[in-house]
Every structure is written in C-alpha cells, then in structure tokens.
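Enquirer: If you want the building blocks of each chain, they are given just below.
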Amino acid sequence: MSLIIDHIDISFDTVQALRQVDFEVQDGELFGLIGPDGAGKSTLFRIMASLLVPDAGRCLMHGHDVVKDYREVRKIIGYMPGRFSLYMDLSVEENLAFYARVFGTTVEENYDLIRDVYEQIAPFKKRLAGKLSGGMKQKLALSCALIHRPEILILDEPTTGVDAVSRREFWDMLKKIQKEGITIVVSTPYMDEAEMCDRVALIQKGRLLEITDPSVPSRSDGTALFSLRSHKGVYAYLEKVRNLEACMHAWLFGDQLHVTLQSERDADHVKSIIDGWGDSSLEWEKIIPSIEDRFMGLIEQNNI
Amino acid sequence: MKRFFGFVKKEFQHIFRDKRTLLILFGLPIVMIILFGFVVSTEIRDVKVGIWDRSMDQASIRATQKIFSSGYFVPAGYIDHEEEIGELFRSGKARVVVVFEEGFERNLLREDRAAINLIADASDANTAQLSLTYLQGVLMTYFQSMNQDVEVPWSVNMKSRMFYNEEMKGVYMFIPGLMALILVLISALMTSVTIAREKEFGTMELLLASPLKPREIILGKVTPYVLLSFVNAMTIVLLGFLVFDVPVRGSLWLLMLICMLYITLALSLGVLISTNVKTQQMAMFISLLGLMLPSILLSGFIFPIENMPKVLQWFSAIMPPRWFIVIVKNIMLKGTGFAFIWKETLILLGMTIFFILAAVKRFKIRLN
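Chains as they are written, first to last, in my numbering: chain G, 1 to 304; chain S, 1001 to 1368.
Just so you know, the hints here were simulated from the structure itself, not pulled from any lab data. Among the hints, a few may not be true.
Stated by the list, open to error - Okay, derived cross-link-like pairs now, DSBU-like style, lysine-lysine, Cα gap no bigger than 35 Å in a straight line:
# : chain 1 : residue 1 : chain 2 : residue 2
1 : G       : K179      : S       : K1002
2 : S       : K1364     : S       : K1278
3 : G       : K175      : S       : K1002
One chain only, chain G, in its complex shape (with noise of 0.2 Å):
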C-alpha cells in the first residue's frame, strides 16, 4: 500500500478542517481528490507532505509515519503545493538546478523522467520562473516536484488557473510518470478531471464523500437525471424547477441544468408542467450520469 490514511482529524482554531477521513492508495495508482474550495484538500495534502500533524488519526506514506519518520517521508515525496512555490527571481534551469542539488541528485541523473514535461519548457531555460505563463509555471513545478524520482508524488491543485488546452496536456503527462511505478495523488476543484484519475474521492467540508472508479458506471438508485435547455438559457427556470416536487436537486451544467427526479414515473409529469411555462425552445431530455453528475447530486445532499 502507497498511502494510508486512517481515520484522520484536524481543526484550526474552532473550525474543523478533516473529519474522520480514511484512505487507501494502491502502489502505482493515479488517485484524484475532488472538491470544492475549502473542502480541505490542501490541509489533506499538508499532512501527506509531513508539513502538518492531525489531532487524531495517522498517516502512512509507503509505510512511515509523517509524524514520526517525517525525515523518511520527506525523501520519498515529491510534493508541488496548490500555490506556485518556486524562486521567481531565478531562472528556470535554476530553480530545477536548486530543487535537484536540495534532494541530493542532478538534473542529468534523473533527466528520463523529467524529459517529456521539461523539454516543453527547455526553450525558455534562461527565463526568470517569475516571467513565465501559467501552464509553463505548472510544468515547471512538476518537473521541480520529480526531479529526484520520488516514490509518491502528491500534486495540489496543479490546474488551478491553467488554460483548458494546458490542462488537458498535463494530465496526459501525469499518466506517463504513473507509467514509471509512481504513485500518484491530484487534487482538483474540476469536476471534469475526475475521469482521469484510476479512483477518485470525493471530499467536502473536511468528510469524504465517496471513492469510486469512474470507468465503472455508477450502481442505479432509482432516481433519473434529465437535462434542460433553452435558447433564452436556463438560470430562469433554476429555481422554479427547484421548487416542483419530484425534483431532489438541480443545478447549472454549463448552458444547461440537470435535474435529478426521485424515479422515472415522475418525468412525464414534469415534461407536461415545463410545456405550461411556454418557452417553445425548451429542451427537456433523459441524460445518462456522468460521475460529475452523481458528485454533484452527493454535494447538494451534503449540503442540506
């Protein structure tokens, strides 16, 4: 087992940030952490990274303890923060120069598995890190995160406030170093990143929700989902459909809501309520749940 986390509990001052959250990562795995902001995803990480001690509960990274071998830990780690951690003022080769000499190695020794990401930002080596795009700065980190050929490789939020295109890019490089027998684990606040994980879980408010593989569709409940849409768009009907009895929740899906009815039986009864509205270009259709769909459905119900 690459990672356990057992059952562990943190506050600050009054405010609980985890509560009871409990784990495992296979060796090898590609697990994602999905949540909201201040869900508490990054004190999770915190404590992976032997940067912070829980109140109860413990935390293993390939077997040592983050409050007792922590020096063990911080060995086998490669740790990229959910905030850009580098030194602005030097230069790209510099920083990874830094970060190698720092874990007792070289860019040379390791340069295999840095290749594929650094070589997209080898041309700007001279660059300060402080000049550099997001995405560059991102990739940047991760080769910085890599460079000694960690065993678990821990990723904060690697994609907030990176362009669609440069996301799409780094998770694809994500699934090259899983490739190499590293063990990794990526948060997110994007519900559409959840696909690409082997398991993701769910985490809000300091609990976990669920963990689920999101190639295996989801068990049947008995509820359906339906989408909306409209040419005149749909925030106007959020709260009407709100408020019709057979909807559990609903909420904006990009242009369009979905709407989770208690069963199927309900949906004719809604079609013919929504034709009483009297918007013609309203497009009321049967959707299969994505695992978007389900987080969403398990985020309103924690919500209540």
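Since the structure of chain G is provided, determine the placement of chain S on it from the hints.
Expert: Same frame as chain G, now just chain S:
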C-alpha cells in the same frame, strides 16, 4: 555538503539579482560613512556665540567683531556673570561662550600675552568640538595679522573647556558606532527579511517538505551574509582610515575576529526574528524598530551612556552594539589588546550562544 553549497549558491543568486538588496548591502555603508563623516560632523553654520567681555577695550571688541564677521557664528548677546553661561547653554540661546580676561588689551600691549577662554556646550559633542576649532582658527588668524606690525609677537593664550561632556566622548565614536549599526542592519535585517520572504512566497513550504535539515536551511541562508557583512566591516575600517584618518592602533586580526563574532550574533538575531514573523514587512518592521533604533539610541553611539537615566542604562546593557562599540573603540583608538576587552567579548559570546540556541529551538520543522 553538496546540498549546503547548493543552498548557498541559490542565496547568492537572490542577493546579486535584487538591486534593492545590493543597494542596501553595499551602498548603505558608504553613504552612511560619507553622511556621518562629512555632512554631520564637519560643517558648522550659524553657531550661537555669547560674549563675556570683562575688559571691553578695543582689542576685545575687534576680536568679537572678527568672530561674527567670519560667517560661522551669530551673536547671542553679552553677559557679565559666570552663572549666566549655564543659563545660556540650558536655554539653548548659545552653544559657545567666549570670555575675554580683564584688561585684555593692556595685557597684550604690556606683556605681549593675553588670555581668552572658550567654553562650549558639549552635550552635542561634535558641534562643540568643531565650533571651538573654528573659533580658534578665526581668532588666531586675526591676531597673527596684527602681529605683522609689532616687534615682539603677541601671544594669545586660548583655553577651551567643554561643559557637560568634558572628556568629549563620542567624537571619535562614529566609526565604531557606525560599524555596530551597519552590521546589525545588514546582518539581522537582511537575514530576517530573506527568511520571511521564503515564508511569504510559499517556498519555505517546499524547503520544509524536502530532506533539508533546519540547520542546513539556517546556515545556507546565513553564510552569504556572513561573508558580505565581513567585507562591509572591513570596508568601513578602510574608509575610516583613508578618508577620516581613524586609526587601527590595536591588532587588526583581533578586530576582525570581534567583527566575526558580532556578525554571527546579529545574524542569529535575524534568524530569531524571522522565526516569529510571517511576512517580509513584519520582519523589516521588527528589525528596524527592535534593533536599529536601540542600537543608535542606547548603545552610546550618539548619546553617552553615562548621561542616560538609570533605567535606560540597564536597557543599554542588553544591547549587543553597546559592548561591540566598547571593544572596537579599545582596539582601534586605544590600541589595547585582548586582556582589556575579554569581559565585553565574553558578554557578546554569551549573547551569541543564547540567540543561536533560541533561533534553532524556535525554527519550526512544520507549518503548524
């Protein structure tokens, strides 16, 4: 060791890339020496001079006119009692009083010799010293020009006396004092700011999550500043010698050793400060307010410790610069050896060990 040198290299890159850091490191000492050396201490203007003329004859009146036509002095009025000297000084109406003896002209003509007393308010030691030098210069020139017409040269006996600070402590203090000030400023301020910067920019989080040990981080941060501060200390000594003729009468090696000790002390203070702050601004604020001001005001650099209230004297005893200034003054100006300064050195050493232990103890290996 490789890790450590990697760290030191990175620190040097930070320093040499930041123009502000460079300016403070190398510009500040030179500017301060020039400021203190030239502007503060050698130019006097409109010094208020009181006259106690006990003869009121032609010679004394001419001499008085000469004084006020020189451009450096302005009249603060005539007095005719000794007690009034103190009053003039206390009220600030005059900084210097010139006293002509009774029968000044008669003594000059008959005995070819007469006496003038120059009394200065030396609570501002620099101005007092300079005013007297200028006054003597003006009067000497005048009497020499008169001497050309007579056969036997007159001699005017001028006696100076300082009020309030008779031994003129503080005049030659400015090089030792400036060294104490600049080294604290650069060592403590710069290290506390550079460590606080790592915290503020989040890079400390990565350093902590790496295999670097706390002492490697601290030493790596501090080492470049040890070297640069030492260069600075020697620059000050050299500038003092070349520009202001401040001698190094004692052993230069001993002086260097003491400087290294004091730099180490200031650096550990800087590290200690940085462990208690989260931002660069806070680090700067504490260093300036908590270190700079006391080392200017309480160290005896500008105000003599003997003239302070008792409470402030106790405070000055815990100011590292105070002891450093005493040592440096002894080595540079009096040329004494280690036998005379071991007590002060021991105090500095004790303080250094205390600050290092406190800093290492306070340095956190985690974020919470």
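Enquirer: Could you work out which earlier hints the structure fails to respect and list their numbers in ascending sequence?
Expert: none
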